[in-house]
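Colleague: These are the residues of each chain, in order.
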Amino acid sequence: KAGVTQTPRYLIKTRGQQVTLSCSPISGHRSVSWYQQTPGQGLQFLFEYFSETQRNKGNFPGRFSGRQFSNSRSEMNVSTLELGDSALYLCASSLGSGTISGNTIYFGEGSWLTVV
Amino acid sequence: GDSVTQMEGPVTLSEEAFLTINCTYTATGYPSLFWYVQYPGEGLQLLLKATKADDKGSNKGFEATYRKETTSFHLEKGSVQVSDSAVYFCALSHQAGTALIFGKGTTLSVSS
Numbered sequence: 416k417a418g419v420t421q422t423p424r425y426l427i428k429t430r431g432q433q434v435t436l437s438c439s440p441i442s443g444h445r446s447v448s449w450y451q452q453t454p455g456q457g458l459q460f461l462f463e464y465f466s467e468t469q470r471n472k473g474n475f476p477g478r479f480s481g482r483q484f485s486n487s488r489s490e491m492n493v494s495t496l497e498l499g500d501s502a503l504y505l506c507a508s509s510l511g512s513g514t515i516s517g518n519t520i521y522f523g524e525g526s527w528l529t530v531v
Numbered sequence: 064g065d066s067v068t069q070m071e072g073p074v075t076l077s078e079e080a081f082l083t084i085n086c087t088y089t090a091t092g093y094p095s096l097f098w099y100v101q102y103p104g105e106g107l108q109l110l111l112k113a114t115k116a117d118d119k120g121s122n123k124g125f126e127a128t129y130r131k132e133t134t135s136f137h138l139e140k141g142s143v144q145v146s147d148s149a150v151y152f153c154a155l156s157h158q159a160g161t162a163l164i165f166g167k168g169t170t171l172s173v174s175s
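Quick mapping for you: the protein sequence lines, in order, are chains A and B. Just so you know, the first sequence maps onto residues 416 to 531 in my numbering. Just so you know, the second sequence maps onto residues 64 to 175 in my numbering.
It should be emphasised that the hints constitute simulated quantities derived from the structure, not laboratory data. It should be emphasised that the depicted structure is a prediction, and the values quoted were computed from it without experimental measurement. Among the clues, some could well be false.
Here are the simulated lysine-lysine pairs, DSS-like style, with alpha carbons at most 30 Å apart [said to hold, decoys possible]:
| no. | chain 1 | residue 1 | chain 2 | residue 2 |
| --- | --- | --- | --- | --- |
| 1 | A | 472 | B | 167 |
| 2 | B | 140 | A | 472 |
| 3 | B | 167 | B | 140 |
| 4 | A | 472 | B | 131 |
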C-alpha cells in the first residue's frame, strides 16, 4: 500500500514569492497534518485537516495556510516567503483525528524548501 | 504549555552496546507518548507508543515505559546495530487533536 506522498521533494524559491506543497495521504486516511522541521526549532506543528475542515492549528503566522480536498489530498501554501521559511515540510496522515489508541500517524518523506 | 525534553546528542555507540535515550515531558492531563525515528533522507517513522501510565511500548528491540511519576519515557535497546543509526524523536500528544509535540531529537551513530 502506498505511503504518504509529498510533492515536490525539493524546491528553491526567492524571498517574497509564494509556494504550494502537495500531500497525498495513505488511501482511506481522512486526517492530514503538516509539520515544519528546522535545525533551530525542530519539528513544529502547522495544522491538521480532517474531512476538509481544519481541526487544529499551530502557532504560525497567517502566511501559512492549507486546505484539504474531498479526496483527502492536502495542500499547504506559504505566501511572501522569508529566508526563515527554509525548512523540511512534513505531511502526515492517519485514519482518524487524534492520537487515540490504534490511530497511528504516518509521515511522508517531506518537501525540502530553500528560500534564497 | 506542553513540552518534551530529550538528552542532547549525538550518541555514539559500538555495535551490541546498550542504548538509553532520555526523554521527559511537561504536560497537563494524560498525554500519549511516542518515539519516532528518522533515517537519513527519510520521513519520520513511528517506532513505539504508550497511551497511559505504566504502559510499555516496544518494537524492533526498542522499549520505553510511560512513567507518570517521573514524567519520563526513556528509550532503551539492549544491543544496537549499525542499522539503528538515525535521529530519534520523543513526542507527546493529547487525544483531543493530532498535534504532536516533539523533542529536539537525538542523533544516534553506531559503529561496527
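Colleague: Are the hints correct? Go through all of them and say.
Modeller: Evaluated hints:
{"no.": "1", "hint": "472/A <-> 167/B", "verdict": "holds (20 Å)"}
{"no.": "2", "hint": "140/B <-> 472/A", "verdict": "violated (35 Å)"}
{"no.": "3", "hint": "167/B <-> 140/B", "verdict": "holds (20 Å)"}
{"no.": "4", "hint": "472/A <-> 131/B", "verdict": "holds (27 Å)"}
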